[in-house]
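S.K.: Just remember that the working numbering sits 437 ahead of the position in the sequence shown, which is counted from 1.
Any given hint could be a false lead.
To be verified - Quick list of the computed label-pair ranges, beta carbon to beta carbon:
#: 1; residue 1: SER487; residue 2: SER713; range: 51 to 59 Å
#: 2; residue 1: PRO581; residue 2: LEU782; range: 20 to 28 Å
#: 3; residue 1: LYS642; residue 2: LEU732; range: 29 to 37 Å
#: 4; residue 1: VAL807; residue 2: GLN728; range: 50 to 58 Å
#: 5; residue 1: THR493; residue 2: ILE529; range: 26 to 34 Å
#: 6; residue 1: LYS731; residue 2: THR484; range: 55 to 63 Å
#: 7; residue 1: THR484; residue 2: GLN769; range: 58 to 66 Å
#: 8; residue 1: GLU490; residue 2: SER717; range: 27 to 35 Å
#: 9; residue 1: ASN510; residue 2: ALA545; range: 18 to 26 Å
#: 10; residue 1: SER713; residue 2: LEU789; range: 22 to 30 Å
#: 11; residue 1: PRO637; residue 2: GLU506; range: 35 to 43 Å
#: 12; residue 1: VAL734; residue 2: ASN516; range: 48 to 56 Å
Just so you know, the hints here were simulated from the structure itself, not pulled from any lab data. The beta-carbon is built from N, C-alpha and C at its ideal position, and this holds for glycine as well.
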Amino acid sequence: MARKVSIQQNLFDLDDILPTTTEQIKRWMVLDAIPALQKRTIFKLLTKHSLHELLTLPVATLKSYRLKETQINALLHPNLIQIEENLSWIDIDQQRDIICFDDSRYPARLKEISNPPLLLYIQGDSQLLATPQIALVGSRNCTPYGQEKAYQFARDLVDSGLTVTSGLALGIDGYSHQGALDAGGKTIAVLGTGLNNIYPKRHLKLAGQIIEHGLLVSEFWPNSPAIPSHFPRRNRIISGLSLGVLVVEASQRSGSLITARYASEQNREIFALPGSIDNSQACGCHHLIQQGAKLVVNISDITEEICYLSTVSCLDKESATNIQEEQHPLIQFIDFHLTTLEQILERSGIDLINVQNQLIELEITGRIKVTADGYTRC
Numbered sequence: 438m439a440r441k442v443s444i445q446q447n448l449f450d451l452d453d454i455l456p457t458t459t460e461q462i463k464r465w466m467v468l469d470a471i472p473a474l475q476k477r478t479i480f481k482l483l484t485k486h487s488l489h490e491l492l493t494l495p496v497a498t499l500k501s502y503r504l505k506e507t508q509i510n511a512l513l514h515p516n517l518i519q520i521e522e523n524l525s526w527i528d529i530d531q532q533r534d535i536i537c538f539d540d541s542r543y544p545a546r547l548k549e550i551s552n553p554p555l556l557l558y559i560q561g562d563s564q565l566l567a568t569p570q571i572a573l574v575g576s577r578n579c580t581p582y583g584q585e586k587a588y589q590f591a592r593d594l595v596d597s598g599l600t601v602t603s604g605l606a607l608g609i610d611g612y613s614h615q616g617a618l619d620a621g622g623k624t625i626a627v628l629g630t631g632l633n634n635i636y637p638k639r640h641l642k643l644a645g646q647i648i649e650h651g652l653l654v655s656e657f658w659p660n661s662p663a664i665p666s667h668f669p670r671r672n673r674i675i676s677g678l679s680l681g682v683l684v685v686e687a688s689q690r691s692g693s694l695i696t697a698r699y700a701s702e703q704n705r706e707i708f709a710l711p712g713s714i715d716n717s718q719a720c721g722c723h724h725l726i727q728q729g730a731k732l733v734v735n736i737s738d739i740t741e742e743i744c745y746l747s748t749v750s751c752l753d754k755e756s757a758t759n760i761q762e763e764q765h766p767l768i769q770f771i772d773f774h775l776t777t778l779e780q781i782l783e784r785s786g787i788d789l790i791n792v793q794n795q796l797i798e799l800e801i802t803g804r805i806k807v808t809a810d811g812y813t814r815c
């Protein structure tokens, strides 16, 4: 570990202490630490000056760009102790690295958004950043239906060659990551905390699995805690990395709708899974569909849309149809919400014995769920 340095020490004196390969990362860290300075302002300044020039400009020039006193001070007198601490995140043996904006590994799709992060702290397989991705997001307080669909769509997406990206939150995010992993596919988790502070703690084991078979990503410094304002910010990265966003379940005030809004601003495809009109957790999805999001009922609804956007080998209609089991004649009379035996008998016109036999068959093959009150189509 390099020795501690004085905060007052000039930035470029640090080059004698830290390896020269970290010089460019240090400079981006200085910009990233400037308080309340928007990313778009930083990029505007970088159209006028090189990164090196920007960090050595006279105070008068910086004032002419309307930078505040605190911002100028942070630029000219950076916290070198904090920079050194952040750099210690890099550990090749643990697959930990830092990717700055001008790194060749920085994902091209993320550069397209209006306020891309200057730095990405990562752990896992960095090559996944360049793979075609679909974001799966939704409610933390999801229903069993939402859990099942997030898990299944994640499996189907990785089976079709896509990487599943989400936010490691409870609910839909967690089931999406797990579905991708269980199918032997790849998944990316974008965190709203530093990678030394996995949040929520309930997903520590899941995060470990993602490090082994996927990638953790954060724009926040490694020790950053869980701050509420960070989570909406990370959503722009989830959508920015992806070709499209699938919202599985979302209430009217769900944070998932923030991700969808970012996706719209970034010209990404937006997909939404419909639910029961009586389910408050589906209202957000229905709103998105009314606003023009594509209604999704199976994997082909997604792959057909993104086929021209990526190099992934998309499923044709015939192979997509093969994902779903052949329709059983009784299934059309059973709803995706609770359906009573009396309703099935009335709709089908089939006698009780035959209906019961067919219901047993559907239950055994996993196409319906049985409760004390009736039947639900899967």
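S.K.: Provide an ascending list of the numbers of those earlier hints which the structure does not satisfy.
M.R.: 4, 6, 8 and 9
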